[in-house]
Amino acid sequence: MSKHESHSGGEGLEEMPYLQRIPRSTPWPLVTAFGVTFIFAGIVTNPAVSAVGAIAGLVGLVGWFREVFPEEVTEAIPLEKAAEPLPAPELGPPPEKPLRRVVPEEIHPYRSGLFGGLAGGVAMAVVAVGWGLTTGQGFWLPINLLAGILVPSVGDADAAALGAFHASWFIAAICLHIALSVLVGTIFVVALPMMPRRPLLAGGIIAPIIWTGVAWASLRVVDPTLEQYISWPWFLGSQLAFGLVCAAVISRFNLVRLQVGRSLEDRLELEQGPGGKS
Amino acid sequence: MTTVPSHPPALAGRRDGAGFWERVMAWTCSVDHKKLGLMYIGCGLVFFLVGGLEASVMRLQLARANSDLISPETYNQLFTMHGTTMVFLVGMPVLLGFGNYLVPLMIGARDMAFPRLNAFGFWLFIFGGLLLYFSYLGADGLYGAGVAPDVGWFAYAPLTSRTFSRGNPTDYWILGIMVSGFGSMTTAINFMATIICMRCPGMKLMRMPLLVWMMLVVAFLVLVAIPILTAAQAMLLFDRQLGAHFFNPEVMGSALLWQHLFWFFGHPEVYILILPAFGFVSEIMPVFSRKVIFGYPLMIAATVGIGIISLGVWAHHMFAVGLGPVLDSFFTASTFLISVPTGIKIFNWLGTMWGGKLEFTTPMLFVTGFVAMFLIGGLTGIMLATVPFDWQLSDSYFVVGHFHYVLFGGTIFGIFGAIFYWFPKATGRMLSDRMGKITFWLMFIGFTLTFMPMHISGVLGMPRRIYTYELDRGLEIWNFISSIGVPVQAAGILLLIWNIFRSLRKGRIAGPDPWNAWTLEWATSSPPPEWNFDRIPTVTSARPLWDAKNPENPDAHYV
Amino acid sequence: MAMLIFMETLFFSGFIVTYLYYIGKSPFGPQPMDVLELGPVIVNSVCLISSSFTVIFAVRALRRGSVGAFRVWLLVTILLGIEFIVGTALEWRGLIYEDGLTIRTNIFGTNFYSLVGFHAFHVCVGLIILIGIFILSLFGHIKPARDHGRVDVATWYWHFVDVVWIFVFTLVYIIGRVPQEAVS
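Residue numbers (this note's numbering), protein chains in the order written: chain A, 2 to 279; chain B, -1 to 557; chain C, 5 to 188.
For the record, the hints were derived by calculation from the structure and aren't laboratory data. Wrong hints could be hidden among the right ones.
Dumping the calculated SDA-like pairs for lysine to any residue here, alpha-carbon to alpha-carbon at most 20 Å [what the hints assert, rightly or not]:
#1 A:LYS82 <-> B:PRO512
#2 B:LYS33 <-> A:ARG101
#3 B:LYS33 <-> A:GLU72
#4 B:LYS435 <-> B:ARG500
#5 C:LYS147 <-> A:PRO28
#6 C:LYS147 <-> A:GLU72
#7 C:LYS147 <-> A:PHE70
#8 B:LYS504 <-> B:MET428
#9 B:LYS289 <-> B:ARG500
#10 B:LYS547 <-> A:GLU72
Restraint-style ranges between C-beta atoms, simulated for each label pair [stated by the list, open to error]:
#11 B:ALA331 <-> A:VAL215: 42 to 48 Å
#12 A:ALA52 <-> B:ILE482: 20 to 26 Å
#13 A:ARG112 <-> B:TRP352: 44 to 50 Å
The structure presented is a predicted model; accordingly, all values stated were derived computationally and were not measured. Built from N, CA and C at the ideal position, the CB exists for glycine as well.
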């Protein structure tokens, strides 16, 4: 490919090329393109065509090169102040209360999602293990069933094995549980301000019910073992426990004003300090 | 905003073009991004008419069963040329042309970073296209002279080998596309350099209009995808001209390799064709909803996400080859994944319209139609990404319906909306809105008539690329409806052409900012002077003209 | 700035073309590799890679303002590049006339000639650019203060060609050979 495109802006210009002058019209790119095409066309027609193309291409390249070397050929813009950028429009001062409605105005700090998720995860685990104990299926059953999402071999185990302790399954279940809890907690903290009135209702009850519905529809694919053993009322109960605790924890955090009109750097600095400073 | 003072006679004279010859020279020798952009769009539209004519002949042939209007050989050439033309000589140049025209204006630059390279790219595209069409006159095929390529637009090996494709039409296909591909690559380089280095003061990346962002991603995709196609074509050329064995299975070459290479180009190409249309929608929709675009940063994230994921979905075109369950599921998953950012965009557009003060001018009609039609195309795309479904319907008319919904209902509707929206900027005169609305409804109805039944005929078992079909298979009625739609669309397109020619002379004078819009291209006169802006503007937010018009309540306070 | 980015992007695109060749070719190059001799190729490679350094010296000389040293180093670079082309040509002659390997012989021939050939073509382009700069400097058209940036960018192309060769060399002459010997 040609390299002559590498004309520089020249030293006379500041940061931006073509501030004062614009490039002059030139036929050479056309001639070069014509030559290149004919070089290729010669492959299917006649070598002579390629030869013509090569000559045209060469002439075009030389002409092009002379256009940009030693100095780019340009013509001046016939205006006096062309090189001076127009100043930015003068903006009014930022009003005390924004003229536009910002939705949501205040949000919970993101770290509240972390704590909420963890707390909810504990609550959920208590309910789930409670289910295992009260129905007499054993302390480890819910944990092993959860591990089934990650570990395929759970699917082959029988009821006795599912009630027993397995170190690797336990670790898998714990990791998955923590990861999911934190993830859901973070989603909560982002989503809750969109339903600002009753966080406990939205986050604590409606979301778990929806989620249980989704799980009911998809569990067959995600974790068939769990589906065999699951008790849906208890499942819903554990989800509700998570939702209520998580939403409660999050809503206990002080609201932070959404930082509108500040640069990212500003905002990052603010979030270092104690939340709630506006 | 600003009016251009009287130009010195020399410049003014050349711009207006005293004699015919001088005017020709002023256009052919121009390195001005606006002239080149208009030439891109103009030539692309001419090729659009040619490609549309080819499609019309095909639909005429398919209007009834057992038709012998044209021969199977002619039919093969027609669909090959139709596909190739629409993708390489219509979609790419028109979109690159709009990018060429608008990107420097939108970022407040005087020209592209490499104006001469820009002209070079344009002329390569034109000559490449002409070389391809020269095959109708010059190529020497199995059935004598004057034979166009007939191997389909994706030119699968080994159909393209010397054994099965005699003579040189296929070589014309390779060379024509290769040459115009060089043009696209240089243009893409130019876009990148321009967008990164030529922004006016204050134009941060997160203040650029979305169209500019889309063009940046498109340029990236062009740079990744087109070289792959060029390389594959070079291999094919070696096979055909020098007797190499890249795609020759007899000596351990691989016909499958061509499919991989081609679709590694081919799928990003689809996004090259649709992303600028997304950009048009994202520019036009807020203006006619009188609202700022919903979720600006998310739109950018989605665009970049599409750009990256689109490099990893190519084999969903190849499920029928039998890639094995692992690859099949990988590409199904990645294809589902790419529908997520696309869905985000759809919701953002709806969010933009939601609660807005909607004005259904012609551009707005087209982009609204775009969202609806593209949604249908996207949903059938998700259906096709499911392997069992694809096995059943691959290479049927269902697929034809699907990608026409994406590329016609999507890209072409977007382009038409863009034509109506930016025509006043480029010419200084408005297109007739009344005729525009008629055009839209003709196009919309004709489009639905033509392509909706294709889904049904595909499900009924009609394969694509057959020149006729038998009676009593239940296909007649659907094909007939498809063919009926063609004259309706043709009427719409002819009306648009008439509209353009009439408005060029008699259209209402537009003024610099007829739509009361917010991006920088409306800050200069219509048409803009050769240097775009008398003084380079300084930008305070993503809607610089809003800030200038409403200094008491500017966007700058709400970034 | 614009220029730099631009050239980089150009390389990038060129690089992808070449990269593609690896992907396209390596999976099925299982044909006799024992025709390739390492000896002369290593000499060629050393020449090409060292030429990358000499061209850096040339640019540095130009930046210092000494056009004389610039010319000398540039000339050395050009000669090294020519050596590479000639070496490749000789190698090909040997392959064609002694071993009977052409682009049509087998899939290995197809891959070998197109990959190495494309690279050689790029080397030629780079050489033409360098020779062009050399001639311009002979006639005194290269002004150190004004042009060292441009010349620097032009030499990037040369570095790029070099880097590509490192990949090609590794692929064709090292990775390509080893399994063959292991099999036979």
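Structure-based check of all given hints:
no., hint, result
1, A:LYS82 <-> B:PRO512, "27 Å, violated"
2, B:LYS33 <-> A:ARG101, "41 Å, violated"
3, B:LYS33 <-> A:GLU72, "24 Å, violated"
4, B:LYS435 <-> B:ARG500, "16 Å, holds"
5, C:LYS147 <-> A:PRO28, "27 Å, violated"
6, C:LYS147 <-> A:GLU72, "12 Å, holds"
7, C:LYS147 <-> A:PHE70, "11 Å, holds"
8, B:LYS504 <-> B:MET428, "9 Å, holds"
9, B:LYS289 <-> B:ARG500, "32 Å, violated"
10, B:LYS547 <-> A:GLU72, "41 Å, violated"
11, B:ALA331 <-> A:VAL215: 42 to 48 Å, "19 Å, violated"
12, A:ALA52 <-> B:ILE482: 20 to 26 Å, "52 Å, violated"
13, A:ARG112 <-> B:TRP352: 44 to 50 Å, "32 Å, violated"
Hint check: violations occur at hints 1, 2, 3, 5, 9, 10, 11, 12 and 13; the rest are consistent with the structure.
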